[in-house]
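Residue numbers (our numbering), protein chains in the order written: chain Z, 1 to 383; chain U, 1001 to 1338.
There could be a bad hint or two in this list.
To be verified - Okay, derived cross-link-like pairs now, BS3-like style, lysine-lysine, Cα gap no bigger than 27 angstroms in a straight line:
hint	chain 1	residue 1	chain 2	residue 2
1	U	LYS1020	U	LYS1079
2	U	LYS1271	U	LYS1243
3	U	LYS1271	Z	LYS156
4	U	LYS1271	U	LYS1020
5	Z	LYS220	U	LYS1271
6	Z	LYS321	Z	LYS220
To be verified - Chain Z side only, calculated, beta carbon under 7 angstroms to chain U, not exhaustive:
hint	residue
7	MET140
8	ASP207
9	GLN213
Because the hints were derived from the structure by calculation, they are not lab data. No experiment lies behind these values; they were computed from the predicted model shown. Backbone N, C-alpha and C fix where the C-beta goes; we use that ideal spot for every residue, glycine too.
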Amino acid sequence: MSDNLTAPEQKHAEATPAAERRTLLEVKGLTMHFPIYGGFPFKRKVGAVQAVDNVDLTVAEGEALGVVGESGCGKSTTGRLITRLMEPTAGTITYRGQDITHASRRQLSPIRSEIQMIFQDPYSSLNPRQTVGTIIKSPMEVNGIEPAGGRTKRVKELLELVGLNPEHYNRFPHEFSGGQRQRIGVARALALNPKLIVADEPVSALDVSIQAQVVNLLKKVQDELGIAFVFIAHDLAIVRHFSQRVAVMYLGKVVEVGDRDDIYNRPRHPYTHALLSAVPEVEIEDAEPRERIRLYGDVPSPVNPPSGCRFRTRCWKAQDKCATEEPPLVQISGNRDGHLTACHFPEEPTTQARGEDVVLDPALQALEAEHAESAESAVSDKD
Amino acid sequence: MLLEVRDLRVEFTTREGVAKAVNGVSYEVAEGETLAVLGESGSGKSVTAQAIMGILDVPPGRITGGEILFQGRDLLRLKEEERRGIRGAEMAMIFQDALSSLNPVLTVGDQLGEMFVVHRGMSKKDARARAVELMDRVRIPAAAQRVRDYPHQFSGGMRQRIMIAMALALRPALIIADEPTTALDVTVQAQVMDLLAELQREYRMGLILITHDLGVVADVADRIAVMYAGRIVETAPVHDLYKAPAHPYTRGLLDSIPRLDHKGRELYAIKGLPPSLTAVPPGCPFHPRCPMAQDVCRTDVPPLYAVEPGGAAGLATGEGRGSACHFWRDCLEGTGSR
């Protein structure tokens, strides 16, 4: 299957500097609070899950923006708001200069075909009672699009484009494996020649050897068709591979955003730093010693997030100021253009190993102190 | 040797025919050693573990051959009552999904204490005290209060800590962890993995870590066994394997990972799909996807060759490397086509 994937051409997306490209999508102050109802005998609003809070993002034409974060950070909600599957509580979404935040169904219809979505679960996102042909054709039918040569011909072209056999047009989703189903999902997203695809964890349900196939397919689609992507994932390595720019989210906020290399090589926000250091990595011989930052505890509840900086409860640099004043997302000194960080006390711009590990989990700290000796002796025994 | 699995075979009867989920698997775990069993879904890694624990669903599954020697005893010859005494007390398992592995209508204290009541005949009060101790041991804050909480009141990472506490309760000699951190976020994953590794080192337990994540393996395992279509295709000390894989499947997996410190263009992707277990290809099961496949691969099943240095003697002592590839030499030297 991967034989069908030709090596990508020189990426025109990367060849053009970001500033020269036109903004496709602009999100300002995007907020989504899900109300919680409770009480007896009359239910009333008792609180809100602050899933997304005051998020600013921009996506340029043909650009891939990666959105990373842990579960509950609001990255999927952001994706659904951008595609207008949900209506935000506050903020504006501007697509090609047009405000679509509260656009009606009718106003949205010309834009719907340009913004498509690829879902995480290739099993529940395809109708099991429709053939692949019907599934891929239906967006064209709904939007009344009649491509040259007919819809069936277009479906076959799409199947070929995503590396499936066009003869399988009449098969049902259950006849395909997970990776192939995800290809069907990609073909469906491409059916309307979109300008922007929001891909929500497109490979995390797939086996390791299949993930690479689908990532390559998406990258090929992005490079050759010049489609802009919002690539939502928790896998930092895949986001790095796929995206030109990366936004890091924590508890409903964007804490850091910038060019891929800035985020991965010169993270300034402590959370970005910790997240990068927590990724278990395939050991490479002669690799520089990696620093480890072990955060304490879990992500706090978005119903009642910490005041000030939301990361402060797990941050080793937190001071009084962090509890009272929310850090703005700005370009801090030492950062390059477009690299924004929301932190009062940013990190040094490096990922070089520091002298000591930062271990914030007292459980681990105690364990490590207790067993440092026995561990050392065990290591020396082995040698 | 703590655990020796010899030529284990497990079959499942399915509508499509007989699926050979485990097809002649052998591995060993020494005291205090961590063996990582790596494979994709359907490779037989979890079924092997279930056979060792004695929690295989029979039927549809059945063990058709081999032996599982645990501290010298062949578990497959023991009566069910004898196995029940071993399970939980001498070997324990940690599952991927802590929420569905814990009983939602019992407090975590009751569930932890039950281990002591059933296996050690303790009173409920003593068992409760031990449960608090255990929760403290896995560093759950305010253990004395939280012992009365129900599983849903804990976060994912905390629930997995309770699973670890439960597995450790009776100080087993062997722990099998089946994807223990897959359902957790990266920062929490790191905490749980570190905790597990530290406790294992302290109690000198054998640990079988079943995972599909090559990164997790690199951090904690001593040895690694790579499974594909019910067989072990490569086994080696972790660092040797990562440095120079001796099987094209392993090499493909390593090449297909986008690395943080590599700026990737196109990812290497293993072509095709894993085979259906009811229709495993003849010869080497990997040959339809293998870039190095030759005629011999289509007809002859490769045995687990001893990889130099170390050779056959090394493989027998569990120190050496093995590869089930006719062309392991080419693969090791990186000369085979990719």
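Can you give the numbers of the hints that this structure goes against, from lowest to highest? 6, 7
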